[in-house]
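Undergrad: Let the sequences and hints guide you as you build the complete structure.
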Amino acid sequence: MDTFTFYMMLGAALFGIGTLGVLLRRDAIVLFMCIELMLNGANLSLVAISREFGTIDGQVYVFFIMAVAAAEAAVGLGIILSIFRNYYTVDVERVAMLRG
Amino acid sequence: MTFPMFVFGLLTVVSALGVVFFGRPLYSALSLVVTLFLVAINFALLGAQFLAATQIMVYAGAIMVLVVFVIMLLGLQTVTPQEKKAGYRALALGVAIVWILGLSQIFRIQGTPVFSTADLWKPASADTVSGRKVFIRETAEVSNPAPVLPGELEGTTENIGGRLFTKFVYPFEVVSALLLAAIIGATVVAYENKRALPLGRGLRAKQEEKIGQKAA
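Protein sequences appear in the order of chains A and B.
Under this note's numbering, the first residue of the first sequence carries the number 1, and numbering increases by one thereafter.
Under this note's numbering, the first residue of the second sequence carries the number 1, and numbering increases by one thereafter.
Everything labelled a hint here was simulated from the structure, so no lab data went into it.
Hints should not be assumed to be uniformly reliable.
Only pairs whose alpha carbons sit at most 20 Å apart, straight line, appear in this in silico SDA-like list of lysine to any residue [to be verified]:
| hint | chain 1 | residue 1 | chain 2 | residue 2 |
| --- | --- | --- | --- | --- |
| 1 | B | K210 | A | R85 |
| 2 | B | K167 | A | I65 |
| 3 | B | K167 | B | A177 |
The structure displayed is predicted, hence computed values, not measured ones.
TA: Here it is, written out as structure tokens:
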């Protein structure tokens, strides 16, 4: 197994485990952390691909993904705080007012 | 696959599973910090030195600090992982397993592993640019790239900075504007000056009251 295949599989594994967490957990903050895990899986895959193709453009993409993830973290956690202030819970099964 | 690659890869998967399956949100957060450190190590093993340092500074050092602050402010109680319906758990496991297997070497196209680029590049010839593999479908621009910077195409700060300020200068400026918008947005969304967050006893009564009010 060469380096490229190993790191693509590792990125896929991280992404899959993040998906598992998003589907299983009820806590909004843990949900958010599993989404960050998925982003890191994608980042790892991008770095592996950029190394395989002999370029560093993939690493620049990862840099931008990190910046966007930081912005998303700030806004998302602000929203979670807001939800907690209004409903006193962050359980996504209970904060379901839009559910039909 | 060398020994360090395997060890750190295995540790990454183990700590990622810890993020998903720990009962307490704080343990999940600490597990995620470990995972992010290990992903930074994986970046370093792939030759992306600048990204390894940035990952530690931005992800493990800033985003996770924010998450831990929010967990502290909310005073979250323990939530067990599988409180959703039993069918969800089997379905989620099935989806994750199919996804991971589908992206790995289990499925093959005409005998070659899915991840192999061996059938995509020509052997070294006059088209090889400084020993790099030349891919069959490359355009002229990629086959003869403009000289980046002195030195190899490693993930050093110098090389990434060069790319960032030449080829990627427009996304760079847009991301700056995005970060500014995110700062303002997060401040507006989280700003609250009227009531304090109640913790401890009485929380469940307040939850029922508030959710009953909104649902009505």
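Undergrad: If you check each hint against the structure, which ones fail?
TA: No numbers; nothing is violated.
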